[in-house]
Amino acid sequence: MARVELEKVFKRYGSFETVHGIDLAIKDNEFVVLVGPSGCGKSTILRMIAGLEEISDGTMRIGDRVVNDIDPKSRNVAMVFQNYALYPHKNVFDNMGFSLKMAGLSRNEIKEKVEQAAKVLELTPYLDRKPAALSGGQRQRVAMGRAIVRDPDVFLFDEPLSNLDAQLRTQMRMELKKLHIKMKTTTIYVTHDQVEAMTLADRIVVIKDGTIHQVGTPIEVFEKPKTVFVAKFIGNPPTNIMAGQVAEQGGAKGILCENGMFLPFPHETALEIGRKVLAGIRPDAIAAEEAVNKFSPAWQYDVQVLFSEIVGGQSLLEFDINGTSMVAELDGRHKVDPGTTLKLGFDLDRLFVFDPETNLALDW
Amino acid sequence: MRTVSKDRILAGVTLLPSILLVGIFVYGFIGNTFWTSLTDWGGVGALSENPEKNYVGFYNYKDLFVGFLSSGFRQDLVNAIFYSVFLLIGAIGVGLFIAILLDNKPKAEGFFRTVFLYPMSLSFIVTGTIWRWLLAPSGGVNVLPTYVGAEPFNFRWLSSTQSILQFDWQNILSFAFNVISIVLIVIGLWLLGKRSKHAAKWLVAGIVIGILVYLFGDMLPKALIMEEKHGFNLATTGIILATIWQYSGYTMALYLAGFTGISQDLRDAAMLDGASTFNYYRHIAIPLIQPITISAIIILSHISLKMFDLIFAMTGPDNGQTGHPALNMYLTTFRANDFARGAAIAMLLFFLAALFIIPYLISSYRNKDERA
Amino acid sequence: MKKLTLLLTSALAALGLTLGASAYAADQKNELEIFSWWAGDEGPALEALIKLYNEKYPDTKLINATVTGGSGVNAKAVLKTRMLGGEPPDSFQVHAGQELIGTWVKSDRMEDLTPLFDEQGWKDIFPEGLVSLIGTDKGIWSVPVNIHRSNDIWFIPKNLEKWGIEAPKTWDEFLAVAPKLKEQGVVPLSMGQNWTANHLWESVALASLGAEKWESLWSGDLKFNSPEGVAAWDLFGKILQYTNDDFSSLSWQQATDMVVDGRAAFNIMGDWAAGYLNTTKKLEPNTGFGWLPSPGTSGNFIFLADSFGLPKGAVHRENALNWLALLGSKEGSDAFNPLKGSISPRKDSDLSKYNKYAESAAADFARDTIVGSLAHGVVANEGFMNDFASVMETFLKTRDSKVAAELAQQIATKNKIGQ
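Chain order of the listed sequences is A, B and C.
Here the UniProt record's numbering is used: position 228 in the first sequence is 228, and no number is missing along the way.
Here the UniProt record's numbering is used: position 346 in the second sequence is 346, and no number is missing along the way.
Here the UniProt record's numbering is used: position 292 in the third sequence is 292, and no number is missing along the way.
Everything labelled a hint here was simulated from the structure, so no lab data went into it.
Built from N, CA and C at the ideal position, the CB exists for glycine as well.
Be careful, since some hints might not be right.
[Said to hold, decoys possible] Partial pick of chain A residues on the chain B-facing surface, computed with a CB cut under 10 Å:
# : residue
1 : A50
2 : S56
3 : I70
4 : S74
5 : H89
6 : A147
7 : F307
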C-alpha cells in the first residue's frame with residue numbers, strides 16, 4: 001500500500017526528450033489510469049515507475065522512499081504486460097511462484113500463496129499447464145496472478161486487455177475492477193482505450209506528447225475537459241469543435257462561429273466581445289425530435305442530415321450546418337435519410353470554450 | 001484405379017534425383033562401409049584390382065575392443081570421449097559467458113561479436129599451427145607469467161605424458177554397468193526433484209543394476225588378458241583449448257541469437273519478479289533457449305567426433321597421447337591398407353555420433369506431434 | 001503425360017550427367033602425369049628434373065600432381081584412392097623397398113622394370129645391395145632417384161668442446177657422458193615426435209643387433225621377441241632416459257634446433273638434417289656442424305630412397321618410361337640430388353656437384369654394408385609401419401621392453417614380415 005509521487009519527471013534519450021517534466025501524485029489505494037494516444041509517453045512513465053527505465057531528471061517516490069536509483073526488484077511493484085510476458089517454459093504454478101522463489105520463500109509458503117491466488121483467479125485446474133496450453137483469458141489471469149501473489153505496494157498494468165477479444169475484454173475489465181475493490185492496492189493502469197479509462201479509474205490522467213493534459217475523475221475529464229485534446233480524445237464520438245468569436249446577437253452574448261452559427265452563452269460571462277475562441281459541444285449534448293423542445297428556440301438549429309446509423313439503442317447522426325459537419329449521439333433509434341432537414345437542440349449548458357491559441361479551456 | 005494427383009507425381013519426380021543421389025552416395029556408401037567392416041579386406045594385396053574379401057562377421061569390432069594389438073585404438077576412443085566432454089563443457093561455457101556479456105549491450109557490442117566469432121572462420125590447420133606455437137613447452141602461454149615477474153608455467157600442454165582419471169580396460173564391462181547404474185540413478189533423482197511419477201522406476205532399475213554389479217561384478221568376463229590402463233591424457237588439454245578457442249565464438253553467436261530473440265518484456269518481468277541478472281539467465285533465459293543448447297551439443301559433439309585436421313596439425317599422426325579414432329581410421333585405412341578395420345572404426349564413430357543425434361531427433365519429432 | 005515423360009527423362013539425364021562426370025575417359029593426348037609429395041623445400045629439385053624432361057621431350061605436356069603434407073601420408077592416401085578408382089597416374093613417387101613392394105607389387109599393380117634396367121645397364125651402375133632391396137625374385141619395381149642415410153648423429157663441435165666431451169662412437173660411450181651433460185642442464189639427445197622415435201629406434205636396434213641380425217629380423221629368421229630383440233628395446237629404453245620430455249610436440253627441425261641452440265648435445269636424424277643445418281641455419285659442414293655414423297653403426301649405412309615406378313594401366317606408358325629413364329640417368333641424378341641434399345644412387349655420379357656432407361656420404365655408401373630403413377619404408381610394409389608406430393607409443397608410455405618386443409613380434413606375424 002503506497003502513494004506514488006512524480007515530481008518534474010523527465011525522460012530523455014540523448015537530446016530527444018519524450019517526457020517533459022510531469023507532476024503526478026497518486027494516492028494510496030487509488031486506481032489511476034494513464035490514457036493517451038500511442039507514443040504519448042504513458043508507457044514510458046509506467047516503466048519509469050516500475051524502474052525499467054531510468055528517470056532522466058526529477059524525483060519519484062513510492063511510499064516515502066525516493067526510488068530514482070532503486071532497482072525494479074527492490075521497489076515492490078508488480079506489473080502486468082500487454083503480452084503478459086509469461087515464462088513459456090514454466091507451468092502456471094512456477095510462473096506465479098517465480099517472484100516468491102526469488103524472494104527466498106520456502107516451498108510450502110510458495111505453494112500456499114500461489115494456490116490461494118489461483119483460487120481467487122479460478123486458475124486452480126490449470127496450475128500444471130504451460131502458458132502455450134492456455135486461452136488468452138487464462139493467460140491474462142495468470143499474468144495477474146503473478147502480480148498479486150507478491151502482495152506488492154503498487155500494481156502496474158500496461159494495456160493488459162488489448163490482446164483480448166471485445167467480449168472477454170469487458171469481462172476481464174469488470175473482474176479487474178472487482179479485484180481492485182477487494183485488494184485495495186494502489187494501481188496504475190495504462191491504456192489507449194478510453195472506455196477502460198472511464199470505467200476503471202478513480203482518476204484519469206490524460207497524456208499527450210509527454211505532458212499531462214488533465215488529471216481528474218472520469219466525470220470531470222468528460223464534462224470539464226481542460227484542453228481541446230482532452231475534449232476530443234475522451235468520449236466517442238469526439239467533441240465537435242468550431243472556431244468562432246465572442247459576439248452579441250439579439251441582445252444575447254454568445255459565440256458566433258465561423259459558419260455563421262450563433263451559440264448563446266447559458267450564463268453571464270466576462271469574455272469580451274470579439275475574442276477569438278473555440279467552441280466545443282459533445283455529440284451526446286445534442287437532442288432531436290421531441291427532446292428538442294426541452295431547449296429554448298435559441299438553442300435549436302436546422303441541420304441537413306448527411307448520414308445516420310443506429311448503434312443498439314442509440315443513433316449516430318452526421319449532419320451539416322452551414323457547411324460544417326458535426327456528429328450527434330441521439331437516444332433512441334433514428335433512421336433519417338441523407339438530405340433530410342432536421343431540427344436539433346444543443347444543450348449549451350454543456351458548452352466548452354477554449355482559447356484557440358493555447359487550446360486550454362477558458363474560465364468563463 | 002486410384003487417382004494420384006498430378007501435383008504428387010510432379011513432386012515425386014522432382015525429388016527423385018536427390019533421393020537417388022542421397023540414397024546412393026550417403027546411405028549406399030554407409031551400407032558399403034558397414035559391409036566392408038565385416039570383411040577381412042586388408043594387408044598384403046589389399047590394393048589389387050580385385051582384392052580378396054572374406055566375410056568375417058564382427059571380428060574387426062571385437063578385435064578393436066579386446067584385441068591385444070588394439071590398445072592404441074582404445075586409448076584413442078577414450079581420448080575422443082574425454083575430448084568431446086571437455087569441448088562441450090568448455091565451448092558451451094565460454095560461449096554462453098561471452099554471449100551473456102554481449103547480451104547486456106556493452107559499448108561496441110558489434111565489434112566484439114565479430115572479434116569472438118572470427119576464430120571460426122579459420123581453418124583447423126591454421127588454428128592448429130597457431131596454437132602449437134602458443135602451447136610450445138617454453139614459449140607462448142607458458143611464458144605469460146614472466147610478464148608480471150612470475151615464474152613461467154612448466155605445463156606440457158601438448159606433450160605431457162601424464163594421464164588422470166584412469167580405469168582398467170580389462171574391467172570395461174563392470175565399468176560400463178556401473179556407469180549405466182549411476183546414469184539411471186541420476187535420472188531418477190532428477191525426476192524425483194521434478195516430482196515425476198516415473199522417478200521410482202529409474203531409481204529402482206539403477207540401484208538394482210548397481211547392487212548386481214557390486215555383488216557379481218567379478219563374474220563378468222574380462223575384456224583383456226592383462227591390465228590396460230586408459231584415462232584422460234593431459235596432453236589433450238592443449239587440443240581441447242584450441243578447439244574451445246575456435247568454437248566458443250560459434251556457440252556465442254548461437255546463444256546471442258537466442259538471447260536477442262527473447263522478448264524484452266520477459267526480461268522486464270523477471271526483473272520485476274525480483275530476479276538478479278544471474279537469476280534471469282539461470283531461471284529464464286537459459287532454460288528458454290534450451291533448443292539452442294541442444295543443437296550446440298549436437299554440432300559440437302559431431303565436430304569433436306570427427307576431429308582430424310586440428311589434431312593432425314597440432315600433434316601429428318601417431319601421437320598416442322593425443323590420438324583420435326578419426327586419425328586412427330585414416331592411418332589404418334590409407335597407410336596400413338587395412339580397409340576393413342578402418343571401416344569398422346568409421347562405423348563405430350558413426351554409431352557414436354548417432355548416440356548423440358538419435359535421442360534429439362526422437363524428442364524433436366515428439367514435440368512436433370504434441371504441438372500438432 | 002508427355003510433360004511428365006519429359007520431366008522424368010530430364011531428371012534421369014541430370015542424374016546421369018552427375019554420375020558420368022567422374023567416368024570421363026582419360027584422353028590420349030601427349031601428356032605425362034607424375035604424382036609426388038615433393039613441394040616446398042623439395043620443390044626445386046623436382047623442378048630441375050621436370051625442366052630436363054621438357055628439354056628432352058618438348059612435345060610432351062608434363063603434369064606435376066603434388067599432394068603435400070604429412071610427410072607423404074596425404075599423398076599416399078590420394079594415390080590409393082586413385083589407384084582403387086582405376087585412375088593411376090603415369091608414374092608416382094614411392095619409398096623404395098617394402099613400402100612399394102608390400103603395397104603395390106603384392107597387389108600386382110606395378111610393371112616389372114627389369115627390361116628398362118637391362119636396356120640402361122643400371123644393374124651394374126646401381127649398387128647390387130640396392131637393386132636387391134628394391135626388387136623381388138619376380139622383378140625390379142622402381143627407379144631410385146636418391147639415397148638418404150638414416151643413421152647419422154649430429155652435433156655442434158664448438159659446443160662439445162665447451163662441455164669437454166667428444167662425439168660418442170658407441171652407445172656405451174654415450175651412456176657414459178650423458179649423465180654429465182644432464183648435470184649441466186643439457187639434454188644429451190634431442191628427439192621429436194613419434195616418427196623420429198622410430199627413426200632413433202632403427203639406429204639403436206642396428207647398433208644392438210648388428211647388420212646381419214637386423215637383416216634376419218626382416219627376413220623372418222630372427223624373432224622380435226627373441227632375447228636379442230628384447231635387448232634392443234632395453235638399450236633404446238636406457239637411451240630414452242636422456243632425451244627431452246617434451247619430444248612429442250617437437251618437429252624434427254625443432255629437435256635439431258635444440259642441438260644448434262646448445263640446449264641439447266646430440267640428435268640422431270637422417271641426412272636431410274645436413275641440408276637444414278647448412279641452408280636454413282647457415283652452418284658450415286665440419287666446422288659449424290659435425291656428424292658421425294650413429295653410435296655403434298659405423299661401417300653400416302641405413303639407407304632410404306625415393307623412387308618412381310610404373311603402375312599397370314598407365315595411360316601414357318611410353319612417356320612414363322622416358323621419365324624413368326631420365327630419373328636413373330647420370331644427368332638426371334646429378335641434376336636432382338645436389339638440390340635435394342641427397343646422394344645419387346649411381347656409383348658413377350659426379351661428386352664435384354655435391355657438398356661436403358654428400359661427398360662423405362657418397363664415400364660411405366660405396367664402402368659400407370648397406371641395410372634398409374624401417375622408419376622410411378625400405379624393410380617393412382606399410383601395415384607393419386603403421387602398427388609399429390603404435391607399438392612405439394606403447395613403449396614410450398610403459399617403457400616395458402618385453403611387452404614392446406612381444407607386440408612387435410605380433411605385428412610382424414600379422415603383417416607377414418619375411419613371408
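Results for each hint:
no., hint, verdict
1, A50, "6 Å, holds"
2, S56, "18 Å, violated"
3, I70, "12 Å, violated"
4, S74, "8 Å, holds"
5, H89, "5 Å, holds"
6, A147, "9 Å, holds"
7, F307, "42 Å, violated"
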